[in-house]
Amino acid sequence: MIYVICRGLLRFIYAILFPLKIIGKENVPEEGGVLLCANHISLLDPMTIGIKLRRQVKYMAKAELFKVPVLGWLIDKLGAFPVKRGGVSKESIKTALNTLRSGHVMGIFPEGTRNADSGAAKKGAASFALRSGAAVVPAAIVGSYKPFRRMTVIYGAPIDLSSFAGAGSESLEEVTDVIMGHIREMAKTGKPTVN
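Anchor point for the sequence shown: position 116 equals 116 in full-length UniProt numbering, and the numbering is continuous, going up by one each time.
It should be emphasised that the hints constitute simulated quantities derived from the structure, not laboratory data. No residue lacks a Cβ here, since even glycine has one placed at the ideal position from N, Cα and C. One should not assume that every hint holds.
Cβ pair distances, simulated, as ranges [to be verified]: (1) 77 / 42: 18 to 24 Å; (2) 173 / 5: 23 to 29 Å; (3) 163 / 70: 41 to 47 Å; (4) 69 / 26: 36 to 42 Å; (5) 42 / 67: 18 to 24 Å; (6) 19 / 70: 21 to 27 Å; (7) 11 / 169: 36 to 42 Å; (8) 101 / 150: 23 to 29 Å; (9) 69 / 166: 42 to 48 Å.
With a Cα cut of at most 25 Å, we get these calculated PhoX-like pairs of lysine-lysine [claimed, not checked]: (10) 77 / 52; (11) 188 / 52; (12) 21 / 188; (13) 25 / 191; (14) 25 / 146.
Let the hints inform the model, and build the full structure from the sequences given.
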């Protein structure tokens, strides 16, 4: 209930400050585990890729953010779970995998940090994708978060990673490249990728 109220409030705020154009929302499966992988250009990105979806999107967030008054409460209610600085703990990995295997949507930014130009990505998203069996949906955020300027979010078709079934850690870099390739293509063309 609190999530629905917060999402409604954010939709209202975005409608005024950063009107969102959504492309390809139908590409996000209505049920089952979904790993939503997006580029990362601002602290606002987690809200931006999630508020227009019917399903709640859960996120990993720096543990320090949960200690900030009001913000900590808000991100907890919006579905975030803490990650300690200096690396992802076994507990955080377990929580992420359980989230996906339980049929939820989890948002992740493969680059790991904000980057105006799509940069090098880490292998965490690829690892979660291969270990969870969740659908992997690429998303691209296009715009600059300037007040009263339109932002665009593009959702691509779930990426077919069947050729990597049963693959080990030696395939993580290749899977990461596939995921980031879809994200970069959508950011460049403004159109959802297909399989």
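Hints, verified against the model:
1. 77 / 42: 18 to 24 Å: holds (21 Å)
2. 173 / 5: 23 to 29 Å: violated (41 Å)
3. 163 / 70: 41 to 47 Å: holds (46 Å)
4. 69 / 26: 36 to 42 Å: Given a distance of about 38 Å, which is inside 36 to 42 Å, the answer is holds.
5. 42 / 67: 18 to 24 Å: holds (21 Å)
6. 19 / 70: 21 to 27 Å: holds (25 Å)
7. 11 / 169: 36 to 42 Å: holds (40 Å)
8. 101 / 150: 23 to 29 Å: violated (36 Å)
9. 69 / 166: 42 to 48 Å: holds (47 Å)
10. 77 / 52: holds (17 Å)
11. 188 / 52: holds (22 Å)
12. 21 / 188: holds (16 Å)
13. 25 / 191: Satisfied, since the Cα-Cα distance of roughly 12 Å is no more than 25 Å.
14. 25 / 146: holds (23 Å)
Hint compliance for this structure: hints 2, 8 are not met, and every other hint is.
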